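Trainee: Given the coordinates of chain Y, assemble chain W onto it according to the supplied hints.
Residue numbers (my numbering), protein chains in the order written: chain Y, 1028 to 1511; chain W, 1028 to 1511.
Hints in this document: simulated from the structure, not taken from any laboratory.
Predicted model only: the values in this text are computed from it and were never measured.
Each hint should be verified, as a subset may be incorrect.
With a cut-off of at most 27 Å between alpha-carbon atoms, the simulated DSS-like pairs for lysine-lysine come out as follows [claimed, not checked]:
(1) Y:K1416 to W:K1342
(2) W:K1319 to W:K1477
(3) W:K1416 to W:K1374
(4) W:K1416 to W:K1477
(5) W:K1319 to W:K1342
(6) Y:K1342 to Y:K1319
(7) Y:K1477 to Y:K1416
(8) Y:K1319 to Y:K1477
(9) Y:K1342 to Y:K1374
(10) W:K1374 to Y:K1374
(11) W:K1319 to Y:K1319
(12) W:K1416 to Y:K1342
Which chain Y residues face chain W? A few, computed with CB under 10 Å, are given here [stated by the list, open to error]:
(13) Q1080
(14) T1197
(15) L1228
(16) Q1243
(17) N1310
(18) N1346
(19) G1373
(20) S1487
Every residue, glycine too, gets a C-beta built ideally from N, C-alpha and C.
2 protein chains.
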Amino acid sequence: MEPDRNTITDAHDVHDALERATALLHRHDELVELAMDAADASGVPTSPEESAQRQKVREELRLLLDPLHPADVAYILEALPLTQRLVVWDLVKADRDGEILLEVSDAVRETLIEYMDDHELVAATGQLDTDEIADLAPDLPSEVIENVFRLLPPEEREQLREAMSYPEGTVGALMDFDMVQIREDVTLEVVLRYLRRLDELPDHTDQLFVVDRAEQLKGLVPINRLLVTDPDVAVGDVMTRDFVRFNADEDAADAAAAFERYDLVSAPVVDDAGALVGRMTVNAVVDFMREKTDNEILSAGGLREDEDIFASVWKSVQNRWAWLAINLITAFVASRVIGLFEGSIGKLVALAALMPIIAGIGGNSGNQTITMIVRALALGQITRANASKLFIKELSVSALNGLIWGGVVGVFAFLIYHNWQLGLVMMLAMVLNLLLAASMGVLIPMAMDKLGRDPAMGASVMITAITDSGGFFIFLGLATLFLV
Amino acid sequence: MEPDRNTITDAHDVHDALERATALLHRHDELVELAMDAADASGVPTSPEESAQRQKVREELRLLLDPLHPADVAYILEALPLTQRLVVWDLVKADRDGEILLEVSDAVRETLIEYMDDHELVAATGQLDTDEIADLAPDLPSEVIENVFRLLPPEEREQLREAMSYPEGTVGALMDFDMVQIREDVTLEVVLRYLRRLDELPDHTDQLFVVDRAEQLKGLVPINRLLVTDPDVAVGDVMTRDFVRFNADEDAADAAAAFERYDLVSAPVVDDAGALVGRMTVNAVVDFMREKTDNEILSAGGLREDEDIFASVWKSVQNRWAWLAINLITAFVASRVIGLFEGSIGKLVALAALMPIIAGIGGNSGNQTITMIVRALALGQITRANASKLFIKELSVSALNGLIWGGVVGVFAFLIYHNWQLGLVMMLAMVLNLLLAASMGVLIPMAMDKLGRDPAMGASVMITAITDSGGFFIFLGLATLFLV
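Chain Y extracted, bound-state conformation (with noise of 0.2 Å):
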């Protein structure tokens, strides 16, 4: 990427360019409409004034997109719906194409390159570095790889196939090739020159690799230290020989872990035996971070994946059921659990309005431990010496819960049917619960973890589903014994 692209300055630039465009586009839908009316009406096609008028839109949106970062004409193309976005794809200019396409969202880019032919494909993707190209393959139809496989240089072609080898969540799908090698026995003088030669440097060039000629990595030298050194010394004097590297078949969360605390710009990968492969930048590990959390919290809140916010009805559909068909199935075990229970119910009505709220205090109680639990267990934390401590003050902790709730819904009981007994069982069952809820939120992410399993994917419709029936079958059953 040129370092002098124009980027918008202030944040706040993207949206007004978002408004500006939107606004546009709507008047160009006008027009269209108007032009499509007329058509009907009179069987005439366009006028010219129109067709000049709707070129005159065009070209305002043209000078709008031009001078915008790809990543803000992503940004653009994600935030319409689907007939405009296409009319903005097409007016961006063509040599922009793969750099927008790495930008947006898998669902968008979906809609895009299903909108592209393959000689259009094989054109956007040749502006692109291997291992960007490798990004984008998984979406791409296999004519077009196979195209571009046949348009690339040797040497390139043999590092998208590595790069292509490693699946997605490893470092070796993160890496890049932008790195520049010297040998350990040229003095920084010699170093400099051969740096003035080429046009410019990588991106997030913080530091060179020094390689041997078996492509053995032997160490670092930080850019700033070569700036600062005596240009008489040899690179193998100021080379720093002690630093982070990645093997390219690691987890990328662990990489990406290591960048956070080491504050790293850059970072070499090597293959097993020790040689050199490939470097990992920051800028790729925040795009790793901002995927992995997005998911995170996409999933938490019940969507399979990033949806396109324009998805069609049937596609949004598709994204969702999955999440509602296994609370449907949870719903329906709770259901059976209270159906138990019926003839008590019958006898006593108040059962049925007081017991959501025992199930209810104890879904958030346990999703409270077992957030706590998931995080623990990402960073780390929990090792065999604590996990027991661990376990016994969540109990703890649900067992204090337990008693002040437990006594507060028991007075709001009391208060409300006048029967003591109820209180109390009302206040025995949110103990019993909150403490089903703790083991619970305990165990369940650390038996996944076990069991090598993301303790995170769907922990939380696992514990509600457990606090459900679980507390329906706690209380209903205490009332059944004590109070029917």
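Mentor: For chain W alone, coordinates are given in the frame of chain Y:
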């Protein structure tokens, strides 16, 4: 931070270090307990051998901790129960206290600061840059801050005052003062000589800031361009005049979004008059993003703030009570809604067993909608023009989901209770509750955004409250009208 600081090169090693530290601490605890038991039994203080053994364990711990990066020591401190945490804290070299305090979470920092006396705190703070002191300041006793102020040279005192003047969440609160400033009219040769006189460049120096005598920011010179350009060229001829800059009062979230979009490593911060006042770096952005998403995830889980996993039971209860109380109130409301229909439930007990299904699926669907809308709002993707389209889309998705899942639950009700009218009422109730969920899922966050509130705050609790009470009311109301 020295670039040569020993860092753990494999991310898994941090967890290993934690496991080794806990094993040593466990041994240490045992020795202390043994000594105390012996003293209780015999009244004799610890024998010299026992004391030597404890000393040996401590020494091993120190050897483990010394080479670790401050962020890794922070990580270990966070994963330990309080007493063990303080043993480790005592062993950490005093000259690293400041850096480590910066790295630990707020909750854990509190426990460490409580344990230090004013003298130690002033010494620890003295090791830090002014922008870092400003980060710690809210947690320090005011006498310590006053002492720190007194000990700083006048220029840094001014910087600290400046850094502390920006509220949390602004660019000013995240910026640092480690900028290299140059003049427009000198050659790159002069700049290179100037840099060589410095011992090292500040971390994350990827560009130099060009200012005039009035401190007005005129441009930027990327370090990489400095390296590839002929040294005889003047700064004014190579500097970038078109670049991203931030105002110190700006929202940090907007700045972070710009870092993400434009792949920045550092960016200048200016005041209202355009004078350079500081710089923002990608590592501050990464930390900010992490904290922000952590808070979102914690608050979605019903926790008020980051909780020290070994907080006392009482502290945990305090951290969690607010959400439980809010939940209790909404549960009471739902309970009273059910109470309105106790007569109907008494006549048809099946209603009690079926009603949680309508409420549950409504909450799930409402959370899906609200998650989408909150996200689109956060990204600024919702404009006046597309808001109504979004609203219609969400209503359509819900209507379709209502018919599908309403049909399923209707059949479920019919199969269990052999009452087709009950099945129809369930289906109708499901459609209506999902439409309610969709409307509120769109309107609540949009209204909160209009009112200048964070739309994510409490959105999930509110939508669930509405779909619970609303679902009970719709289902029991329809049942009362048509069934009993």
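Trainee: All the hints need checking, so say for each whether the structure fits it.
Mentor: Do the hints match the structure? See the list:
no.: 1; hint: Y:K1416 to W:K1342; in the structure: holds (16 Å)
no.: 2; hint: W:K1319 to W:K1477; in the structure: holds (21 Å)
no.: 3; hint: W:K1416 to W:K1374; in the structure: violated (44 Å)
no.: 4; hint: W:K1416 to W:K1477; in the structure: holds (18 Å)
no.: 5; hint: W:K1319 to W:K1342; in the structure: holds (22 Å)
no.: 6; hint: Y:K1342 to Y:K1319; in the structure: holds (22 Å)
no.: 7; hint: Y:K1477 to Y:K1416; in the structure: holds (18 Å)
no.: 8; hint: Y:K1319 to Y:K1477; in the structure: holds (21 Å)
no.: 9; hint: Y:K1342 to Y:K1374; in the structure: violated (47 Å)
no.: 10; hint: W:K1374 to Y:K1374; in the structure: holds (11 Å)
no.: 11; hint: W:K1319 to Y:K1319; in the structure: holds (14 Å)
no.: 12; hint: W:K1416 to Y:K1342; in the structure: holds (16 Å)
no.: 13; hint: Q1080; in the structure: violated (20 Å)
no.: 14; hint: T1197; in the structure: violated (13 Å)
no.: 15; hint: L1228; in the structure: holds (4 Å)
no.: 16; hint: Q1243; in the structure: violated (15 Å)
no.: 17; hint: N1310; in the structure: holds (4 Å)
no.: 18; hint: N1346; in the structure: holds (9 Å)
no.: 19; hint: G1373; in the structure: holds (5 Å)
no.: 20; hint: S1487; in the structure: holds (8 Å)
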